[in-house]
Amino acid sequence: MNEPKSPSPSSPQPTAAPPADATVVLDSDALSRCLKRIAHEIIERNPDLSRVALVGIPLRGVHIAQRLADFIEQVEKVRVFAGVVDVSMHRDDLNRRRVPPRVERTLLPDQLDDKTIVLIDDVLFSGRTCRAAMETISTYGRPKRIQYAVLIDRGHRELPIRADYVGKNLPTSLAQKVHVRFAATDGISDSVWISQNA
Amino acid sequence: MKTDWTRKDLTGLQDLSAGEITLLLETAAAFKDVGTREIKKVPALRGKTLVNFFVEPSTRTRVSFELAAHRLSADVINMSASNSSLTKGETLKDTALNLQALHADMIVLRHASAGASQFLAERLEASVINAGDGAHEHPTQALLDTFTVCEKLGRTGGDLSGVHVAIIGDILFSRVARSNIHALTKLGAKVTLVGPSTLVPREFEQLGCTVTHELEPILPEVDVVNLLRIQHERQRKEYFPSLGEYTALFGLTKARAAKLKPGALIMHPGPINRGVEIDSDVADSERSVILDQVTNGLAVRMAVLYLCAGVQGRRQSP
Chain A
1 MNEPKSPSPS SPQPTAAPPA DATVVLDSDA LSRCLKRIAH EIIERNPDLS RVALVGIPLR
61 GVHIAQRLAD FIEQVEKVRV FAGVVDVSMH RDDLNRRRVP PRVERTLLPD QLDDKTIVLI
121 DDVLFSGRTC RAAMETISTY GRPKRIQYAV LIDRGHRELP IRADYVGKNL PTSLAQKVHV
181 RFAATDGISD SVWISQNA
Chain B
1001 MKTDWTRKDL TGLQDLSAGE ITLLLETAAA FKDVGTREIK KVPALRGKTL VNFFVEPSTR
1061 TRVSFELAAH RLSADVINMS ASNSSLTKGE TLKDTALNLQ ALHADMIVLR HASAGASQFL
1121 AERLEASVIN AGDGAHEHPT QALLDTFTVC EKLGRTGGDL SGVHVAIIGD ILFSRVARSN
1181 IHALTKLGAK VTLVGPSTLV PREFEQLGCT VTHELEPILP EVDVVNLLRI QHERQRKEYF
1241 PSLGEYTALF GLTKARAAKL KPGALIMHPG PINRGVEIDS DVADSERSVI LDQVTNGLAV
1301 RMAVLYLCAG VQGRRQSP
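These protein sequences, in sequence, are chains A and B. Residue numbers for the first sequence follow the working numbering, beginning at 1 and rising by one. Residue numbers for the second sequence follow the working numbering, beginning at 1001 and rising by one.
So that you can see chain B by itself, here it is in the shape it has in the complex (with noise of 0.2 Å):
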């Protein structure tokens, strides 16, 4: 049975299920191809104002949401923390309220609060789509990567079973990662967490993953390896004991990633710390599909506005 999408939201992944998921990446497909005409622009949203409202910085998730909004033809505003009245005191949900007062259909809500986006979707009948919030969510990122996944291994229908999937690094304090461990594993694939102990603690076992603390014993074994990105700006003591002692034990070498099968994919969310996670070569290697990430990213964050501005106004049931 074919799945309808019946969400005005987009705040995360844990209550999607396999179909909707399965939807969101045919429909992906299917706008990829809009950046590959001669006009790369279609006017579903034609009408639709989105504000990207950024709590937290970003800029390649920004972008890709702007760029998204352009090619369907919406208008985008942008705020930033710096430039709204959040730093006058004002409260999330006032700033929220105040722009579904100016008939905004769209919110993209990037906040270092877990949960920030589920609040403003309740409390407005504009969508809402979570571009991160704290070390909760961050759907669209973990929907490119399974996009990308999908494309480069040739799996078709949301089918990932037999996939084993690596994610390496900053587990604790990573939306991407609790998004990915949601997409993948309701796909049938088979998810490893690595890192050091403290930033990967066995409680994500009950997400329905491996976890372990070595690197090298599970390279051979797997299809993917995603390498997070040491977050210096959410951690507020030391989890590990240098950057270098990091990279000596889970970063990516030439040396490691040799020991990967032929046809592993080596991806990473970006910003890269090139020398920390990964080793500039394996970056700009042939098996690296960083960059392939990012231009899947627009066609999933087409397919995400198109999808939610369908439902639009009329509240998803409970």
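Same shape as in the complex, but just chain A (with noise of 0.2 Å):
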């Protein structure tokens, strides 16, 4: 197993707070409780976690995956490794964009082969990163399987996808938003929020 290396500080964006008519869905310690349990279970379906990586999608899924990390390592005294996939140069939607997606450093285990990847990101919605970022691990090798994990489902999915793990169903209309803020990537305290997309 490789020593886990911490990814490199993905570009904490000055993220603007969430807009005045956001309601506010899960404070800092419900959002802490739903990574716990996240966490548990993903021991729970994983009985070597030798064999686990954790890789976030950037930016707040990184950040996910460390904490993930954190919280198996408190249970079951074993670090697993906690990496970063950076999905931009797989999208299928970078010639309908405004700006070039930033591009993050990828960071996986130097062999796939037997690992069970945990995909992490923070909000699932169409489906499509998720797609990019299996499409760009399979870049790198052929992992034994790919899980899912994300912070809030708020369903309307473009692709045959679902999430093996879920904080929490959100369920969404297509003219709201969510908001995902952590401290350590937007600067202000763990929260999911939801807005009317004015």
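Honestly, the hints are just simulated from the structure, not real lab data. Any given hint might turn out to be false.
Straight-line distance between alpha carbons at most 27 Å, and here's what the computed DSS-like set of lysine-lysine pairs gives [to be verified]: (1) B:Lys1190 to B:Lys1254; (2) B:Lys1190 to B:Lys1259; (3) B:Lys1254 to B:Lys1152; (4) A:Lys144 to B:Lys1032; (5) B:Lys1190 to B:Lys1002; (6) A:Lys177 to B:Lys1259; (7) B:Lys1152 to B:Lys1261; (8) A:Lys144 to B:Lys1040; (9) B:Lys1002 to B:Lys1093; (10) B:Lys1259 to A:Lys144; (11) B:Lys1032 to B:Lys1002.
Put the complex together from the two separate chains, hints included.
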């Protein structure tokens, strides 16, 4: 097992606070409980944690992967690999964006063959990010299996993708926006918000 | 505040902000590991067409751009002056408009005239990447040099403050030197230009660097020496008496290399004239990062193509 390297501090964006009409869905304590539960579920489903790699999708998935690795270490006294998979080179909407998305460094275990990769993202929406992440990982190697953990599942899938671990199912309308904030990435306390997209 | 990339073209580094240069270098770092993947290819530019339009000869830059485009899944067409209709009297603009009419998305241009890529960039919807225009700029070479300095000296976040770089040789005719001066000074490095007074005029001090005509005194002070090739093809008259005399005064010999700081880097944009600007032994020594520069050039060019393709079709604001 590789010594887990700490991923490069992925650019903390000076994201503004959620819009004024946003309401809190999860506060810091509730969010922490969600992540703890996911950590326990990952332990339960993967008896051999030495073959598990938690791989976050930038920006906030990377932070969630670190938090899950911390929780797992507290419970099982094993440090699982926590890495990064950058999906921007594999996105299917590159031509539709105003500015090219920022590319982060991908950090995966050296050997993927016998590993279970747990992909981690903050919000599951269309499922396109997950597809891009799976495609990215496949260019590095062929992991034994890929699982998918998300903090929020807001519905409205455009691809046949579902998460193995869900922090909270949040039914939304397409007009709504979900905002996830972490002290580590956004400078405001850990929280999830929902707002009407004006 | 993080910078967003909003330029469809890269014609030079003079107009770029330190933030934009840092973004390019950070993007290149992310692209560098594509070369270490099992599948060395990403679909970022799938369906885009890139024309390598080299009116002046080049091997490494053209091959590097071609490979960078392949790694990004773009389609590549190579054109050189001898097989283009420029030899039949067609103007550069007409040739380029024809390429655009064939829906070329990006044009990588090398041309003997300064400003050629800017000229096309202003007239085409396609992205134009400068691969060297006369003695004006060679932005991707300077970016890969800067990337290599940052990587080897462990600098991150585009901060080169306190780093002292000596650029040695034919500065007057060198687009590599000009682009390097812009990139390095914007990131806070100290730049000293070294060479005979005919090739390193004092006017260069206006670009924010120091000029000296003596090599040996500065060797113990610098963190990086970047040796430029003596460009026989650009020199119409004699700027120094002989190659032998140039080597005697400014060549990085083994004895001179021994005066460098222990961790100092030796760089050269290639092609090397072994025995002229650098001793063969020195070029192959541990401190030489000449081949790292080539590897990094691929990552840098992938980053440039990726970022410029991302804002295509939308003219950058003046």
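Violated hints - listed by number, lowest first:
6, 9, 10
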